[in-house]
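Asker: As you go down the protein sequences, you meet chains A and B in turn.
All residue numbers for the first sequence refer to the working numbering, where the first residue is 21 and numbers rise by one.
All residue numbers for the second sequence refer to the working numbering, where the first residue is 5 and numbers rise by one.
Source of the hints: derived by calculation from the structure; they are not laboratory data.
For each residue, glycine too, the CB sits at the ideal point set by N, CA and C.
Hints are supplied without guarantee of correctness; some may be wrong.
Unchecked claim - Subject to a maximum C-alpha distance of 30 Å in a straight line, what follows is the list of computed DSSO-like cross-link-like pairs (lysine-lysine):
#	chain 1	residue 1	chain 2	residue 2
1	A	LYS257	A	LYS101
2	B	LYS80	A	LYS197
3	A	LYS160	B	LYS119
4	B	LYS80	A	LYS164
5	A	LYS164	A	LYS101
6	A	LYS226	B	LYS279
7	A	LYS75	A	LYS164
8	A	LYS202	B	LYS119
9	A	LYS173	A	LYS118
10	A	LYS197	B	LYS117
11	B	LYS47	A	LYS226
12	B	LYS119	B	LYS47
13	A	LYS395	B	LYS47
14	A	LYS321	B	LYS221
15	A	LYS257	B	LYS247
16	A	LYS118	A	LYS257
17	A	LYS197	B	LYS247
18	A	LYS194	B	LYS279
What the hints assert, rightly or not - Not everything, but these chain B residues come out facing chain A in the computed CB check (under 10 Å):
#	residue
19	THR21
20	GLY22
21	ASP24
22	GLU111
23	ILE141
24	TYR163
25	SER191
26	GLU213
27	GLY240
28	THR242
29	SER257
30	SER260
31	ALA273
32	PRO276
Said to hold, decoys possible - Per the computed footprint, the stretches of chain B lying under chain A, defined by three or more beta-carbons under 8 Å from a beta-carbon of chain A, are:
#	segment
33	94–106
34	245–255
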Amino acid sequence: MKIHEYQAKDLFRSYGMLLPSGKVARSADEAESISNELGSTVAVKSQVHVGGRGKAGGIKLAHSPEEARAAAEAILGMDIKGSIVRKVWVEQAARISKEAYLGLIVDRSSACLSFICSSEGGVEIEETAAKTPEKILRFKTYPKEFPEDGARKYAGQLFGDETSVDGVLDVMRKLFKLFAQKDCSLAEINPLVLTEDGQVIALDGKINFDDNALYRHPEIEELRDMDEENENEITAKEQGLSFVQLDGDIGCMVNGAGLAMATMDAIKLFGGDPANFLDVGGSSNPEKVVNAFRLILNSSKVKAILINIFGGITRCDDIARGIIESGRQIDINVPIVVRLVGTNMEEGLGLLKGTSLIPASTLADGVQKTIDLAKGTISG
Amino acid sequence: MSILVDENTRLIVQGITGRDGSFHAHQMLDYGTNVVGGVTPGKGGQTEHDLPVFNTMREAVLGTHANASVIYVPAKFAPEAIVEAADSGIELIVCITEGVPVIDMIEVYHAVKNKGLILIGPNCPGVISPGESKVGIMPGQIHKPGNVGVISRSGTLTYEIVHALTQFDIGQSTCIGIGGDPIIGTSFRDLLPLFQADDQTDAIVIVGEIGGDEEEKTAEFIQKNVSKPVFSFIVGHTAPEGKRMGHAGAIISGGSGTAESKTKALNDAGVPVAKTIDELAGLVRDHFA
C-alpha cells in the first residue's frame with residue numbers, strides 16, 4: 021500500500037524526525053492562507069502516488085502567498101501519469117546546503133533489510149544507479165536491532181561532512197524503527213538535506229507498506245486514499261479476488277496468479293491484448309465467478325472473455341455453475357471461451373453443454389479462439 | 005532417488021483440525037504420503053483421519069519420529085508455527101500459508117537457516133516426488149514418476165506445466181513450488197545443487213516470474229554450477245510496473261524485476277526460455293527424443 025508524501029511526513033514527525041512545517045491544501049484559497057501563516061518562501065507540492073512529480077511540473081516554489089495561490093491553481097487538477105492532483109502540500113522552503121538520498125528496503129535475495137545511501141540527492145535512485153553506481157552505498161541489517169557501527173561508517177559519507185554524522189545517524193535510527201514497527205516495504209527520503217545552519221531534515225518522504233501486515237496496522241489502513249486506487253481493484257480485494265486493470269479488450273478469468281500471468285502473456289504473444297489480470301483464487305465458490313464477471317465487464321473495452329481453469333482445489337463443476345449463474349444475474353453480451361482441465365472437468369463440461377459458451381481444449385486453442393472472437397474474425 | 009521428500013518422509017500436519025489442514029491431510033494420505041500425525045494447540049489427544057493430534061510440535065516429533073512438517077495455519081500464526089517446527093528437530097518444513105508479513109519472514113528465515121534446516125515457502129503449493137510422497141496441495145494425479153526436476157515460484161502454473169510434461173510421457177523426479185512471496189525459505193539456487201546431485205534427475209525445469217532478481221542470480225549460478233540441462237519459462241511479460249500480480253513477490257519496481265530481464269539473463273547463461281507452456285514441454289521432450 022502506498023501513501024502520500026504528507027502522510028509519510030506525519031509519520032516521520034511522529035518518530036521525532038526534523039521536517040519543515042507545512043500543511044495540506046485542497047484549494048488555491050487554502051494554499052494562499054497556509055503560505056501566509058508560514059510567512060516565508062514555500063514549496064507547493066502535488067500529492068499523488070506516482071513518482072516524477074517535479075519533472076511533470078507538480079512542484080513549485082512560491083515567494084509570496086499570491087504566488088502560492090497561483091502555484092496551487094496550476095497544480096490542482098493536473099494529471100500526472102494518470103493521477104489527478106486533488107491535494108497540495110505547502111511547506112516552508114528549506115535553506116539547503118547539501119542534498120543526499122537515504123532509503124531502506126527489503127533485500128529479497130539475502131532476506132534482510134538494506135539501507136541505501138547516496139550523496140546524490142534529489143534525483144531518482146534508479147538514475148544514479150545507472151549513471152554513477154559508485155555513488156550508491158548499501159549495507160544490510162536485520163529488522164530487530166539497529167546496526168550502530170555500520171550506520172556510523174556510512175552516515176559520514178552522505179554529506180561528506182563529519183559534523184552532520186550525528187544528525188544523519190539520528191534520521192537513520194528513526195527511519196529504521198518506523199520501518200520495522202509499521203511493516204514498511206520501502207521507506208525513502210529523497211532528498212535528505214543538510215541545511216545552511218547544520219540541521220539534517222527530510223525534505224521529501226515516500227513509504228510503501230507490506231499489504232500482508234496491514235491487518236495489524238489499522239492506523240495505516242486508514243491512510244489509504246481511495247482516489248488514488250482503481251475502484252475495481254479495491255472491490256476485487258474485498259471479494260477475495262486478485263485483480264489488476266489493464267488496457268486491452270480480452271477479459272481473463274484464471275485460477276492462480278502464475279497461470280493468470282501465463283494466460284495474459286499467451287494472449288499478447290498470439291497477437292491479442294489482455295484487459296485485466298484476474299485470479300479467482302483456490303476456492304470454487306460460484307459467487308466469486310459472478311463477481312469476477314462483473315469486474316471484467318466494468319471495462320467497456322472488453323470484446324471477449326477467456327476463462328482458463330486448471331482444477332486442483334478449484335473444482336471445474338463449481339466454476340461451471342458460477343458461469344451459468346453469472347449468465348442469469350448479468351447481461352453478458354460478449355462471447356466467452358472456456359477451457360476447463362483437472363478436478364471434475366467432465367462434470368463441468370457437461371454442465372456447460374447446450375450453452376452459448378465456446379469450449380477450448382487447450383490454453384493455446386482458447387487464446388486463439390478468444391482473439392479471433394475479439395477481432396470479429398469468427399463469431400460466437 | 006528424488007529430492008526433499010520420498011517414501012521415508014514421516015509427515016506432521018500443522019493445523020490438521022482446520023478446514024484446509026484436514027482436507028489436505030486426507031488428500032495426502034490418499035496419495036500414499038506417510039502422514040504420521042498432526043498438531044493443533046489445545047486439541048492434543050484427539051484424532052483426525054485416525055491420526056494422533058498433538059498440542060505441540062515437540063510432542064508430535066517425540067510421539068511419531070516425524071522428520072517433516074507441512075503448515076496450513078492462518079498467516080497470523082504461521083511464523084510461530086515455522087519456528088516451533090524448527091525447534092522440534094524436524095528437517096524439512098513446508099509452509100503452504102499465504103499472507104505472512106515480510107518482517108516476520110525475515111526473522112523466521114534466519115532462525116531456520118541457522119539450524120541448517122530446509123523451509124519451503126511460504127505461499128507455495130508444496131513438494132511432491134511422484135509415486136512416493138506428496139507434501140502440499142497439488143493435485144497428485146497429474147504427476148508421473150520420472151527424471152525431470154521442476155522448481156517454480158507459482159502454484160497452478162506448475163500444475164499446468166507438470167500436466168503438459170506428463171501428457172508428453174515425461175515424468176518428474178520431484179516438483180517444488182518455492183512460493184510467490186518476496187522472502188521465501190528456499191530459492192532456485194538452493195535446490196539446483198540437490199537436483200544436480202540426484203541420480204534420478206536428468207533435466208531441470210525452472211518456472212520464474214516478475215519481481216526481484218532471483219532468476220538473474222540463478223542464471224549466473226547455473227552457468228557455474230549446473231551441468232544438467234535446464235529449461236525455463238518466465239511469466240509476467242504483460243504485467244504493468246508497480247502492480248502486484250497476485251503473488252506478494254510478483255511486482256516490477258523501479259524498472260527492475262521484469263520478465264525481459266530474467267529471460268535475457270537465462271538465455272545468456274545458455275538456458276532456453278520457452279514462450280509458451282507447450283513450447284516448454286516440447287523442448288524437454290525433444291531433449292530426450
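Asker: Give a verdict on every hint.
Answerer: Structure-based check of all given hints:
no.	hint	verdict
1	LYS257/A <-> LYS101/A	holds (24 Å)
2	LYS80/B <-> LYS197/A	holds (22 Å)
3	LYS160/A <-> LYS119/B	holds (21 Å)
4	LYS80/B <-> LYS164/A	holds (19 Å)
5	LYS164/A <-> LYS101/A	violated (37 Å)
6	LYS226/A <-> LYS279/B	violated (37 Å)
7	LYS75/A <-> LYS164/A	violated (38 Å)
8	LYS202/A <-> LYS119/B	holds (28 Å)
9	LYS173/A <-> LYS118/A	holds (19 Å)
10	LYS197/A <-> LYS117/B	holds (25 Å)
11	LYS47/B <-> LYS226/A	violated (46 Å)
12	LYS119/B <-> LYS47/B	holds (28 Å)
13	LYS395/A <-> LYS47/B	violated (58 Å)
14	LYS321/A <-> LYS221/B	violated (39 Å)
15	LYS257/A <-> LYS247/B	holds (14 Å)
16	LYS118/A <-> LYS257/A	violated (43 Å)
17	LYS197/A <-> LYS247/B	holds (27 Å)
18	LYS194/A <-> LYS279/B	violated (46 Å)
19	THR21	violated (18 Å)
20	GLY22	violated (14 Å)
21	ASP24	holds (9 Å)
22	GLU111	holds (7 Å)
23	ILE141	holds (6 Å)
24	TYR163	holds (5 Å)
25	SER191	holds (8 Å)
26	GLU213	holds (6 Å)
27	GLY240	holds (5 Å)
28	THR242	holds (4 Å)
29	SER257	holds (8 Å)
30	SER260	holds (8 Å)
31	ALA273	violated (17 Å)
32	PRO276	violated (16 Å)
33	94–106	holds (count 4)
34	245–255	holds (count 8)
Checked against the numbered hints given earlier, the structure breaks hints 5, 6, 7, 11, 13, 14, 16, 18, 19, 20, 31, 32 and satisfies all the rest.
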